[in-house]
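Please take these sequences and the hints and turn them into a complete structure.
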Amino acid sequence: MSIFFFLLFATIAVVAGVSVILQRHPIASALSLVGVMGSLAVFYLILGAEFIALAQMIVYAGAIMVLFIFVIMLLNAGAEERRGRSWMAQLLGVPLLIAFFAIVGYALVGRFSGGEPVSFGSFTGGTAEAVGYALFTDYLLPFEVTSVLILVAIVGAIVLARKEMD
Amino acid sequence: MGSLPEGMNNLGATLNAGVPISWYLILSAILFTLGVAGFIFRRNIITVFMCIELMLNAVNLSFVAFANQHKQVSGHIFTFFVMVVAAAEAAVGLAIILTVFKNRDTLNIDEINSLKN
Chain A
1 MSIFFFLLFA TIAVVAGVSV ILQRHPIASA LSLVGVMGSL AVFYLILGAE FIALAQMIVY
61 AGAIMVLFIF VIMLLNAGAE ERRGRSWMAQ LLGVPLLIAF FAIVGYALVG RFSGGEPVSF
121 GSFTGGTAEA VGYALFTDYL LPFEVTSVLI LVAIVGAIVL ARKEMD
Chain B
1001 MGSLPEGMNN LGATLNAGVP ISWYLILSAI LFTLGVAGFI FRRNIITVFM CIELMLNAVN
1061 LSFVAFANQH KQVSGHIFTF FVMVVAAAEA AVGLAIILTV FKNRDTLNID EINSLKN
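As they're listed, the protein sequences go chains A and B.
If you use this note's numbering, the first sequence corresponds to residues 1 to 166, in order.
If you use this note's numbering, the second sequence corresponds to residues 1001 to 1117, in order.
Don't read these hints as lab results, they were simulated from the structure.
Honestly, I wouldn't trust all of these hints.
From the structure, some residues in chain A lie toward chain B, with a derived Cβ separation under 7 Å [as the list claims (entries may be wrong)]:
| # | residue |
| --- | --- |
| 1 | Pro-26 |
| 2 | Ile-64 |
| 3 | Ile-72 |
| 4 | Leu-75 |
| 5 | Gly-105 |
| 6 | Tyr-139 |
| 7 | Thr-146 |
| 8 | Val-155 |
| 9 | Ala-157 |
Here are the in silico distance ranges between beta carbons for each label pair [unchecked claim]:
| # | chain 1 | residue 1 | chain 2 | residue 2 | range |
| --- | --- | --- | --- | --- | --- |
| 10 | B | Lys-1116 | A | Ile-150 | 28 to 38 Å |
| 11 | A | Gly-115 | B | Arg-1104 | 45 to 55 Å |
| 12 | B | Val-1059 | A | Val-148 | 19 to 29 Å |
Heads up, the beta-carbon is just placed ideally off N, CA and C, and yes, glycines get one too.
Here it is, written out as structure tokens:
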């Protein structure tokens, strides 16, 4: 059963991912990206990461993509024109990407083909309790540094986006 | 190598047992490659930014898959931090895009080349 769900949502993820890079209009790309993120949330759920799955839906598909769509609508971004690509990207891009994928896939399959197969419920250590416990004991310092990072990001965004006041 | 044909032979058994971890990693590699492709080929700065998010998501998937494999929660913590950094990056990056559009009146990355030579 888990193999059926894997293939179903892997297909959705890959099709939506291809759609992200093929759609001409940014808003269609953004909606396809929401599709990728939703199917990744299902994978997180299957892999036993409940908290991360919900955070994926709320933070990524909710907050970040709304920010993207808001900016697209604010800038009134239209379809991009298909011209003026550099010849080097056109000539070497696809072969280099295929080579990249082949190398990464070869390394991954070679090194991690063994191991216990993943089925739903094979790992249940990703609850909010477990993640919160790890976050506030072992990873307390990175967590606090993250809050400083967010503060810097907020200040930076305000400084960049404000109107010039002469 | 030689593991892929063996996995194909065991396909019937796999149907009941579950999904091998390498499938998740391959899916993650596919999504990452798609992100790189969009980053190279797209000209719209917002779409390029979305492709970066796609790459971050692909890496998150392999973090969670490894967390499942090693039965540890550390991979989830890494994913959590990647999400936080992505959120901060989106806020600052989109503010930069807004400023660039206000000054240059374009979203095409080929026309934003004042730093070139």
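A quick look at each hint next to the structure:
no.: 1; hint: Pro-26; result: 5 Å, holds
no.: 2; hint: Ile-64; result: 5 Å, holds
no.: 3; hint: Ile-72; result: 6 Å, holds
no.: 4; hint: Leu-75; result: 5 Å, holds
no.: 5; hint: Gly-105; result: 5 Å, holds
no.: 6; hint: Tyr-139; result: 5 Å, holds
no.: 7; hint: Thr-146; result: 5 Å, holds
no.: 8; hint: Val-155; result: 10 Å, violated
no.: 9; hint: Ala-157; result: 4 Å, holds
no.: 10; hint: Lys-1116(B) with Ile-150(A): 28 to 38 Å; result: 33 Å, holds
no.: 11; hint: Gly-115(A) with Arg-1104(B): 45 to 55 Å; result: 50 Å, holds
no.: 12; hint: Val-1059(B) with Val-148(A): 19 to 29 Å; result: 23 Å, holds
Checked against the numbered hints above, the structure violates only hint 8.
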